[in-house]
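*Asks:* For the sequence shown, the positions run 759 to 1154 when the numbering used here is used.
Mixed in with the good hints, there may be bad ones.
[Said to hold, decoys possible] In silico lysine-lysine, DSS-like type, Cα no more than 27 angstroms apart, as pairs:
#: 1; residue 1: 869; residue 2: 858
#: 2; residue 1: 1031; residue 2: 1133
#: 3; residue 1: 808; residue 2: 890
#: 4; residue 1: 998; residue 2: 924
#: 5; residue 1: 970; residue 2: 1041
#: 6; residue 1: 1010; residue 2: 869
#: 7; residue 1: 1090; residue 2: 1010
#: 8; residue 1: 1041; residue 2: 1031
#: 9; residue 1: 971; residue 2: 1093
#: 10; residue 1: 1086; residue 2: 1010
#: 11; residue 1: 1093; residue 2: 960
#: 12; residue 1: 970; residue 2: 998
#: 13; residue 1: 978; residue 2: 1031
#: 14; residue 1: 998; residue 2: 971
#: 15; residue 1: 1121; residue 2: 1137
#: 16; residue 1: 960; residue 2: 869
#: 17; residue 1: 1029; residue 2: 1096
#: 18; residue 1: 1036; residue 2: 971
#: 19; residue 1: 1121; residue 2: 970
#: 20; residue 1: 1133; residue 2: 1093
#: 21; residue 1: 1133; residue 2: 1121
#: 22; residue 1: 960; residue 2: 1036
Since the hints were made in silico from the structure, they are not lab data.
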Amino acid sequence: MKGVLITMNFNITDSTVYIGVDDSTLDLFESQYVVPEGMAYNSYLIKDEKIAVMDSVDSRKTYEWLDNLADALDGKSPDYIVVQHVEPDHSGSLAAVCEKYPDMKVVGNAKTFQMLAQFFDLDLENRMVTVKEGSELTLGTHTLRFVTAPMVHWPEVMMTYDTADKILFSADAFGKFGTLDAEDDEGWACEARRYYFNIVGKYGAQVQAVLKKLADVELKAICPLHGPVLDEDLSYYIDKYNVWSSYEPEDKGITIACASIHGNTAAAALKFKEILEKKGAEKVTFFDLARDDMAEAIEDAFRYDRLVLMAASYDAGVFPPMLTFANKLVAKGYKNRKIAIVENGSWAPSAARTLRPIVEQLKDVTLLEPVVTIKSSLKETDIPNLEKLADALVNG
759 MKGVLITMNF NITDSTVYIG VDDSTLDLFE SQYVVPEGMA YNSYLIKDEK
809 IAVMDSVDSR KTYEWLDNLA DALDGKSPDY IVVQHVEPDH SGSLAAVCEK
859 YPDMKVVGNA KTFQMLAQFF DLDLENRMVT VKEGSELTLG THTLRFVTAP
909 MVHWPEVMMT YDTADKILFS ADAFGKFGTL DAEDDEGWAC EARRYYFNIV
959 GKYGAQVQAV LKKLADVELK AICPLHGPVL DEDLSYYIDK YNVWSSYEPE
1009 DKGITIACAS IHGNTAAAAL KFKEILEKKG AEKVTFFDLA RDDMAEAIED
1059 AFRYDRLVLM AASYDAGVFP PMLTFANKLV AKGYKNRKIA IVENGSWAPS
1109 AARTLRPIVE QLKDVTLLEP VVTIKSSLKE TDIPNLEKLA DALVNG
């Protein structure tokens, strides 16, 4: 898999130019996801008899983006800006570019303009070009065909297919965390998976619907709003999205999600990891939910086919990091997996009875037995029960 990994203006084709920007100082994307490698806000320019800008960028980078746009325009003015997604990391510079180019038309669907009015006090009455599913906009040689993608992951989202260059401008789909110039030793899938399940993951059915619309469309490149331009072996990326959006496990393996107060539950979890590995588990990953990136824990929970919830009891319930994690599983539509529970409590263990009804909300999830209870710290007498649960996880 290739993907373009530079951040200055560059040509994707003879007529399509990347004009996006990197944001290397962003600490939390959407104020919740850690992005140690920053974030790319992608934007593109199609140059033809008519010139079209594909989306703007976050307001954090407005002036840098306007400079990139002016450089690519080389003294010309754009005829259109296509707003595929109204979320502020993509529309945040729209007011500024509309002010700079007052004759430029704004292209969107009915929901686009409804939502833009909620974000901006913009007079677009004589500048709107309203499109819908299958609408086309001719630039000259290039014709843009619009594909609605509601709830991937906002209701107004649409994608755009350039029939000339066979490029899909895919909005947030096929995006990933990280700037374009970030080191990517683990490959595209790692940060794309974390991005997908935490941001788009709830809307798998809607992703499946869009993939069906695009099934017979010839593609030479995919241009997302975050992450690299994808221009080789496109079936790899599409297959990943098909697996992710169908909620099927990507790999065989076990994720241990642990919420420990004083370290005793964590010690038991690491011992359980050792037991699972000795019994032949294909892959076992471990997360301390109080310290590790919870978004990465969610990523691995979806990646593998089995999940272990190990938590301390707290306030007659469960230690809050585990409650947050379990509720995120529900919110993201976690299903088609097996789950095991190990609780810890010193006088009245309550973690399991708190987690069980949450797990029961999940579709097509099997809760494995036995549910194991540890009192305060792991004892030799607890090992046989962990061994039984490990057998159920590895051999069940």
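*Asks:* Keeping to a limit of 27 angstroms between CA atoms, is the pair of residue 1031 and residue 1133 held or broken?
*Replies:* Within the cut-off at roughly 19 angstroms; holds.
*Asks:* Take a quick look at whether residue 1041 and residue 1031 sit within 27 angstroms of each other, Cα to Cα.
*Replies:* The given pair, whose Cα atoms are some 10 angstroms apart, holds under the 27 angstroms limit.
*Asks:* Please verify whether residue 1133 and residue 1093 have alpha carbons no more than 27 angstroms apart.
*Replies:* Roughly 30 angstroms between the alpha carbons, so the hint for residue 1133 and residue 1093 is violated.
*Asks:* Has the given pair, residue 970 with residue 1041, been kept, meaning a C-alpha gap of at most 27 angstroms?
*Replies:* violated, 32 angstroms
*Asks:* Are the Cα atoms of residue 971 and residue 1093 separated by 27 angstroms or less?
*Replies:* holds, 25 angstroms
*Asks:* Holds or violated: residue 1133 with residue 1121, Cα cutoff 27 angstroms?
*Replies:* violated, 31 angstroms
*Asks:* Does the alpha-carbon distance linking residue 1036 and residue 971 stay inside the 27 angstroms limit?
*Replies:* violated, 46 angstroms
*Asks:* Between residue 808 and residue 890, is the straight-line Cα distance small enough, at 27 angstroms or below?
*Replies:* This hinted pair holds, its Cα atoms lying about 20 angstroms apart.
*Asks:* Keeping to a limit of 27 angstroms between CA atoms, is the pair of residue 1010 and residue 869 held or broken?
*Replies:* violated, 41 angstroms
*Asks:* Is the Cα-Cα distance between residue 1121 and residue 1137 27 angstroms or less?
*Replies:* violated, 34 angstroms
*Asks:* Taking only the CA atoms, is the gap from residue 1121 to residue 970 under or equal to 27 angstroms?
*Replies:* holds, 23 angstroms
*Asks:* Would the pair residue 1090 and residue 1010 pass a check requiring their Cα atoms to be no farther apart than 27 angstroms?
*Replies:* Judged against 27 angstroms, a Cα distance of about 20 angstroms means the pair holds.
In this structure, the earlier hints numbered 5, 6, 13, 15, 18, 20, 21, 22 are contradicted, and the remaining ones agree with it.
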